[in-house]
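Engineer: These are the residues of each chain, in order.
Number of protein chains: 2
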Amino acid sequence: MLSNNVYIIGAGETKYGELWDKSLRNLAVEAGLKAIENAGIYSKDIDAIYGANGLAGTINEQENIGALIADFSGLSNEGIPSIRVEASTASGGAALREAYLSIKSGEYNVVVVGGVEKMTDIHGSDIIEKMSSILDREWEAFYGATPAAMAAIIARKYMHDFNVEKEALAMVPVNDHLNASKNLNAQYHNKLTLKQAMDAIPVAEPLNLMDCSPVSDGAAAVVLASEEYMKRNKKEGIKIIGSAIAQDYLSVGSRDSIYTLKSTKLAAEKAFRRANVKRDDISFVELHDSFSIYALLELEDLGFVEKGKAKELVYDEIKTGGRIPVNPSGGLKAKGDPYGAVGVGQVVEAYLQLNEKAGERQIKNAKYALLHNMAGTGTSSVIHILEGY
Amino acid sequence: MLSNNVYIIGAGETKYGELWDKSLRNLAVEAGLKAIENAGIYSKDIDAIYGANGLAGTINEQENIGALIADFSGLSNEGIPSIRVEASTASGGAALREAYLSIKSGEYNVVVVGGVEKMTDIHGSDIIEKMSSILDREWEAFYGATPAAMAAIIARKYMHDFNVEKEALAMVPVNDHLNASKNLNAQYHNKLTLKQAMDAIPVAEPLNLMDCSPVSDGAAAVVLASEEYMKRNKKEGIKIIGSAIAQDYLSVGSRDSIYTLKSTKLAAEKAFRRANVKRDDISFVELHDSFSIYALLELEDLGFVEKGKAKELVYDEIKTGGRIPVNPSGGLKAKGDPYGAVGVGQVVEAYLQLNEKAGERQIKNAKYALLHNMAGTGTSSVIHILEGY
Chain E
213 MLSNNVYIIG AGETKYGELW DKSLRNLAVE AGLKAIENAG IYSKDIDAIY
263 GANGLAGTIN EQENIGALIA DFSGLSNEGI PSIRVEASTA SGGAALREAY
313 LSIKSGEYNV VVVGGVEKMT DIHGSDIIEK MSSILDREWE AFYGATPAAM
363 AAIIARKYMH DFNVEKEALA MVPVNDHLNA SKNLNAQYHN KLTLKQAMDA
413 IPVAEPLNLM DCSPVSDGAA AVVLASEEYM KRNKKEGIKI IGSAIAQDYL
463 SVGSRDSIYT LKSTKLAAEK AFRRANVKRD DISFVELHDS FSIYALLELE
513 DLGFVEKGKA KELVYDEIKT GGRIPVNPSG GLKAKGDPYG AVGVGQVVEA
563 YLQLNEKAGE RQIKNAKYAL LHNMAGTGTS SVIHILEGY
Chain F
213 MLSNNVYIIG AGETKYGELW DKSLRNLAVE AGLKAIENAG IYSKDIDAIY
263 GANGLAGTIN EQENIGALIA DFSGLSNEGI PSIRVEASTA SGGAALREAY
313 LSIKSGEYNV VVVGGVEKMT DIHGSDIIEK MSSILDREWE AFYGATPAAM
363 AAIIARKYMH DFNVEKEALA MVPVNDHLNA SKNLNAQYHN KLTLKQAMDA
413 IPVAEPLNLM DCSPVSDGAA AVVLASEEYM KRNKKEGIKI IGSAIAQDYL
463 SVGSRDSIYT LKSTKLAAEK AFRRANVKRD DISFVELHDS FSIYALLELE
513 DLGFVEKGKA KELVYDEIKT GGRIPVNPSG GLKAKGDPYG AVGVGQVVEA
563 YLQLNEKAGE RQIKNAKYAL LHNMAGTGTS SVIHILEGY
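Sequence order for the protein chains is E and F.
All letters in the first sequence, in the order written, are residues 213 to 601 by the working numbering.
All letters in the second sequence, in the order written, are residues 213 to 601 by the working numbering.
Don't take every hint at face value.
Same chains, same names: a pair is fine if it fits in one copy or spans any two.
Unchecked claim - Calculated lysine to aspartate or glutamate pairs in the EDC-like style (CA-CA distance at most 16 angstroms, straight line):
id: 1; residue 1: Lys342; residue 2: Glu273
id: 2; residue 1: Lys531; residue 2: Glu439
id: 3; residue 1: Lys482; residue 2: Glu290
id: 4; residue 1: Lys227; residue 2: Asp493
id: 5; residue 1: Lys234; residue 2: Glu350
id: 6; residue 1: Lys482; residue 2: Asp259
id: 7; residue 1: Lys576; residue 2: Glu599
id: 8; residue 1: Lys369; residue 2: Glu417
id: 9; residue 1: Lys474; residue 2: Glu290
id: 10; residue 1: Lys474; residue 2: Glu518
id: 11; residue 1: Lys234; residue 2: Glu249
id: 12; residue 1: Lys521; residue 2: Asp338
id: 13; residue 1: Lys477; residue 2: Glu290
id: 14; residue 1: Lys579; residue 2: Glu599
id: 15; residue 1: Lys474; residue 2: Asp411
id: 16; residue 1: Lys378; residue 2: Glu417
id: 17; residue 1: Lys407; residue 2: Glu377
id: 18; residue 1: Lys451; residue 2: Glu440
id: 19; residue 1: Lys403; residue 2: Asp259
id: 20; residue 1: Lys227; residue 2: Glu379
FYI, nobody ran anything at the bench for these hints, they're computed from the structure.
With the hints as constraints, model all of the structure from the sequences given.
Structural biologist: Printed below as a string of structure tokens:
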């Protein structure tokens, strides 16, 4: 391994939500320019752009997103390359990792990573059909499977095998909404009582509306820089000390265990080894809780608690101030779930927290952040561990 | 710059064409397994997969292609990460470059790059609408612009300003078809007379059917390896000595000159500087001639001849045996144009040529290959220069 460290020197994001007045390109440009301004760099400093997006081909009939973003950010005249990275809902984390590797390779010094998704430009429930394009179209989606249905199947089996009550799942959105109430960029600011979380209308039993992340528009961007750039400009920044990605079968039905996120386990092992920190060192985690059940599985497969025991963490330990604070941003349920933006938005939250700029939702003495971005039902997991300074 | 060289140790591809009996995943798996077998490696050797695809979201309603390919290649059990790189018709070259950077970073030793496109799974001329998703949907495609229409506008202005006859354009498909007649994997094997090329039905004047690449299904894959891997296994391979990508405005209307491919110029300068070879050293080029006009512009903007003078090359010099042989594979017009596969397929051709395994179409003493993969109307260009051994 070469020792060219990679730093995060700027971050920006749009509000997440149903943003009827903003298009795909508007969102991407807004987040990108905020991050660039925040980093205090100019277009001539930028070596490359990595754009993360999950569904623009399917929803917006717009491919070639990388070029679109660069063009409308006013960066095309410089010839700055801009490509799109797609790994379904893990596109953001995957793009971050590509940018990280590109700097580690010695090829680039300053790279912008942006994630964007515009999900509300489509008629009503047709979005579910579009979202299902992240599953296996021919063997899952064609037969009616949706992301929510797959999560429900996993939840039912998990709850049965480990004697987990619905209440444990409901604590996940309760925590998310409490945190999001302190995040101006979050899609929802309302606090959620346990009763409200339990009584919401069913989506795919045992999951109800409060177990499922919303349909969101939004974008996030961060600026990465090399060790050389930091030294030359006498800058300090958040350091990426661990980066890993791993894969599982696309079809849930092919996996050895439907409630073990093997991709998360493998990526976590690699990332922790690389970062050389322990689980106990982590100040907070941003988890990919597109469905409440996944938060429980993820806490287990990341190694914070044994399989089947996440129910012991979700009541108190995942709160800010608990043993392992989860989703200070509000998470996918309450901050929002604009597919391609999610993984990059997690970095924005970590950037704020590790710089002690998270305001009301600041986690005290935050030093190490773990970011977990997952594709669909656990097909891919991308994990980054960041260190503050 | 770090000096971790990157080699190509295996290659494979499907036939290109209207492959009604093969799906997106069938094609990807066929090419990938051929490349892996050709490289003589096992799944345990593979560190990562990069999948290139342009339009599966739009055409096939299938995102998350990276995972799909890994899964159906039987590689998911190993946890091998697989992401998709999308840069429109330059997706293949862009994926190759990401794989190259990932090895250069020291993170991976063996990486598979696959490109795939399944374009015929759609009703008749609807494909044109889908293909137009690589343009600016809101400012170009919405008003009826198509890739062919944009190429026609560029051609008309170029022919007017430099006094170029239609015949010069027609020589491009004539050369492509002659070469493809010696390539079993090509979509077309018929030779084309100049008269046939001139008299074909108009598509977007001055371009006729023979000036336009076809709608194609197909896949290609290559295996890349690090210097460390080569030493450990005492292997020899084709070396990537130059890799560069550059960008221009997405909209043709925003550019300074509509017949100067700025992205190609910028990428060529970088790639030649990095490779430390001269134009005259290049044994052959694989050009992104999705429309005949682009072959002329590319020869100029790659630096093989002055702007407006490509007409001096297209009659004899681009032939096998000429000064600068173009598209021994048959090029996009006659080998075929499956978007995401094109850039990777160019590497397959170079791999054969530089290993002296190109059979009837072998270029004598081939030592250096230049591969030019371009997005849409010139939005992005990715250039790789390879060295044989």
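Engineer: If the cutoff is 16 angstroms on CA atoms, where do Lys451 and Glu440 land: within, between, both or neither? Let me know, please.
Structural biologist: Only inside one copy: Lys451 and Glu440 sit 13 angstroms apart there, 27 angstroms across copies, limit 16 angstroms.
Engineer: What label fits Lys474 with Glu518 when the C-alpha limit is 16 angstroms: within, between, both, or neither?
Structural biologist: Within one copy only: 14 angstroms inside a chain, 56 angstroms across chains, cut-off 16 angstroms.
Engineer: Checking an output row: Lys407 and Glu377, CA cutoff 16 angstroms. Within, between, both or neither?
Structural biologist: within (14 angstroms within a copy, 77 angstroms between copies)
Engineer: Have a look at Lys482 and Glu290 and pick one of within, between, both or neither, based on CA distance no larger than 16 angstroms.
Structural biologist: between (37 angstroms within a copy, 14 angstroms between copies)
Engineer: Given a CA cutoff of 16 angstroms, do Lys477 and Glu290 count as a within-copy pair, a between-copy pair, both, or neither?
Structural biologist: between (41 angstroms within a copy, 13 angstroms between copies)
Engineer: Tell me, please, which holds for Lys482 and Asp259 at an alpha-carbon limit of 16 angstroms: within, between, both or neither?
Structural biologist: between (28 angstroms within a copy, 13 angstroms between copies)
Engineer: Could you figure out if Lys474 and Glu290 sit no more than 16 angstroms apart (CA to CA) within one copy, between two copies, both or neither?
Structural biologist: Cα proximity of Lys474 and Glu290: across copies only (10 angstroms, versus 42 angstroms in one copy).
Engineer: Regarding Lys227 and Glu379, is the shortest C-alpha distance of 16 angstroms or less found within a copy, between copies, in both, or in neither?
Structural biologist: neither (30 angstroms within a copy, 55 angstroms between copies)
Engineer: Since the copies are identical, ignore which copy is meant and state whether Lys579 and Glu599 lie within 16 angstroms (CA to CA) inside a copy, between copies, both or neither.
Structural biologist: within (6 angstroms within a copy, 47 angstroms between copies)
Engineer: If the cutoff is 16 angstroms on CA atoms, where do Lys369 and Glu417 land: within, between, both or neither? Let me know, please.
Structural biologist: Intra 12 angstroms, inter 62 angstroms, cutoff 16 angstroms: intra-copy only.
Engineer: At 16 angstroms max between alpha carbons, let me know whether Lys378 reaches Glu417 within a copy, between copies, both or neither.
Structural biologist: Close inside one copy (10 angstroms), not across copies (65 angstroms); limit 16 angstroms.
Engineer: Between copies, within a copy, both or neither: which fits Lys474 and Asp411 at Cα up to 16 angstroms?
Structural biologist: neither (32 angstroms within a copy, 59 angstroms between copies)
When held up to the earlier numbered hints, the structure conflicts with 2, 4, 11, 12, 15, 19 and 20 and fits the remainder.
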